[in-house]
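Top line first, the protein sequences correspond to chains D and R.
Anchor point for the first sequence: position 145 equals 145 in my numbering, and the numbering is continuous, going up by one each time.
Anchor point for the second sequence: position 124 equals 124 in my numbering, and the numbering is continuous, going up by one each time.
It is worth saying that the hints were derived from the structure and are not from the lab.
Built from N, CA and C at the ideal position, the CB exists for glycine as well.
There is no bait here: all hints are sound.
Which residues of chain D face chain R? A partial, calculated answer using Cβ under 10 angstroms:
| no. | residue |
| --- | --- |
| 1 | V21 |
| 2 | Q23 |
| 3 | S54 |
| 4 | N60 |
| 5 | G71 |
| 6 | I76 |
| 7 | W102 |
| 8 | V118 |
Computed spacing ranges between beta-carbons, pair by pair:
| no. | chain 1 | residue 1 | chain 2 | residue 2 | range |
| --- | --- | --- | --- | --- | --- |
| 9 | D | P202 | R | S149 | 29 to 39 angstroms |
| 10 | D | L203 | R | G143 | 32 to 42 angstroms |
| 11 | D | A104 | R | S149 | 21 to 31 angstroms |
| 12 | D | P183 | R | P74 | 49 to 59 angstroms |
| 13 | R | R55 | D | Q153 | 23 to 33 angstroms |
| 14 | R | G153 | D | D114 | 15 to 25 angstroms |
| 15 | D | G88 | R | S126 | 33 to 43 angstroms |
| 16 | D | Q191 | R | K101 | 30 to 40 angstroms |
| 17 | R | K101 | D | L203 | 35 to 45 angstroms |
| 18 | R | D150 | D | Q191 | 38 to 48 angstroms |
| 19 | R | I60 | D | G106 | 30 to 40 angstroms |
| 20 | D | N147 | R | G143 | 21 to 31 angstroms |
| 21 | R | L145 | D | N147 | 20 to 30 angstroms |
| 22 | D | G106 | R | G89 | 53 to 63 angstroms |
In silico DSS-like pairs for lysine-lysine, Cα to Cα no more than 27 angstroms straight-line:
| no. | chain 1 | residue 1 | chain 2 | residue 2 |
| --- | --- | --- | --- | --- |
| 23 | R | K154 | D | K105 |
| 24 | D | K105 | D | K83 |
| 25 | R | K154 | D | K12 |
Here is how the chains run, residue by residue.
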Amino acid sequence: MPVWQSIYEELKSENFEIISVAQDTGGEEAAGYIFDDANVSYTAIIDVNHQISSLYNLVNVPSGVWIDEQGKIMRINEGTYAKEHMNGAWGTNDYVPIVRDWVAKGADSEHVWDRSKVRESIIQRTPEAERAQPAFRLGGYYFTNDNDEKAEQYWTMAQELDPTSWNYLRQDLQYEEGGSAGPEWRARREQIEGAGGAYYAPLEIENN
Amino acid sequence: MKTIRSIAGLTAVMLISGALNAQSATVLYNERVVELEQTLPDATDLWVKPEDLTRVNDFILKPEGACLDELCVPVLQDRDSAMFITRQGQSWFNVTELADKLQQAYVTDYNDGIWSFGTMPVTRQSFLRGGEAPDFELMGRDGELVRLSDFRGKKVLLLTWASW
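Bound-form chain R, shown alone (with noise of 0.2 angstroms):
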């Protein structure tokens, strides 16, 4: 009974001295490079907090889940889950379960703690089958922001090249 005790104990120690270790980390996604102060440590997952949530790929966690759009992915946060846990009062959410579910790509560099996010499929439907021009935000050479939906009511041709 002794030693059962004591290694909860051990637990509750490891995974509060982690809360207070929170360590910072870098999300690649679309255009964006953001920074996060302070995230869970976690050998395999991105755990942040749920008001960065959004700065790292647009998601806002509400009380029915974690939505973007009409796109609401069911998230439990009276508990803990694997998509939502919460130690010493702070919660923590976790970004990589997400994308797993949204069936979105991701490469990490662990060493350096940088998490690249690739598109989201489910968000492509209507571009993959229906053939719906993706909308991008991406600066102009002029300093405007491009935006591909402004331009509805004319004819875009789209063109990629390189100079490579």
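Next up, chain D with everything else stripped away, as it sits in the complex (with noise of 0.2 angstroms):
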């Protein structure tokens, strides 16, 4: 998040902004403390439905989206780090550097993906999935009003009716023994990757 507020200060005066969302269904409480000790000033959201994943179709994050002067999409659907972490761990130093690039040329730059390319990175949802978010939205209304058994119920069943979704299953998992990156979790994307499926969309950057 440092990292964020000083790109943006390096890039805001070329028409540039940041919109940073927090799928915290805690709110405030979870999330806000994050934004305050990056002393953050570009636009934050703390998105308490996920709506912006339901939106864009996201199923994890960090995620990233480009949007351009005319509000069309010109990426969408990474997993978007602002720098590697733990000696590589993970994260990429790769992406601030498109960004950078995107922000200096516009369409002319590389990195910029054509509409096709675009619409096949978005996310097509079966009608399971179209129904997962109102499922979530659901455990979310009873979460907020202090009803953990039908919170749980209906964020159970989000997950059951959207399995590909890593937010369904994290912001469940908070509430949980062991946590959001705990056994469970990690048993999951092992899983997944053991079968050669990713657990963020793969970053396509070229390097010329």
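Relying on the hints, combine the two individually framed chains into one complex.
Below you can see the structure in the form of structure tokens.
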């Protein structure tokens, strides 16, 4: 987060904005201090219903979307760390340079995707996955109203309807023993990666 | 003949008492939580007063149908249909029937009378097919509403993350 703030400072005079959206049912209490600690001056939102993930068909965090001056998507659905963490255990230093390139060159940047590539990269939802989002929303309503039993019922329903969503799984695990990055999450991740799948949609960056 | 008449009478009584006992409901859609004082009791569908329709999902009932911007779903209003009925002079609009037509998913907790609606795929074709960024309206941490459309003319990097 401090890295994004420094990138924002660097690029904000070039008609560039960062909208950073925490997917946190726990609200301000859960996520607010992270924004505060980084002293962010870009647009900061805490999205308790994960509405941005619903609208943009995103299933994991962090995820990034590039939106141009006319509201067209230029890239979408990528695991977007600002830099490497823990000596490369996760994250990448390759993403920020392509953001810089896009801000400088706009549509002429080689990192901008064409319309068909954007369309292919948008996750298509099954009818069941479409139902997962109102189920998750209902669980969040009960969570907010301190009915943990029904929150769990509908969050479980959301996970069953859309097993591809890491957000639904991990938001729920956050409130269970083991936490959001505990044994259950690790086992699921290893299972997917063991089968040749990817936890994040792979970053596709062409380096010239 | 007598039997038929009494069954018809019974049905009428049930409909009347149903209307009199119109029950409250809660609708969740995007960020909104809409409390409806009166809906028509129904085992599977959500019937709301036409004037509540807009509060629920932004649609407006017009002579040509239920409309959202340029999209209009035809609704007969001079007789009963799956989408619209009149009981004792009170009209009711079937929100779940409209959702089905729009392929809009919903999940209901019948015990508590809570109806949670998902996004409307028919209004999202410009995103799904053309990569147009869906607009949104969310409260920013500074207390100001954030609308994506207010950032036209700028490049926007939209980032999601989470504390968990």
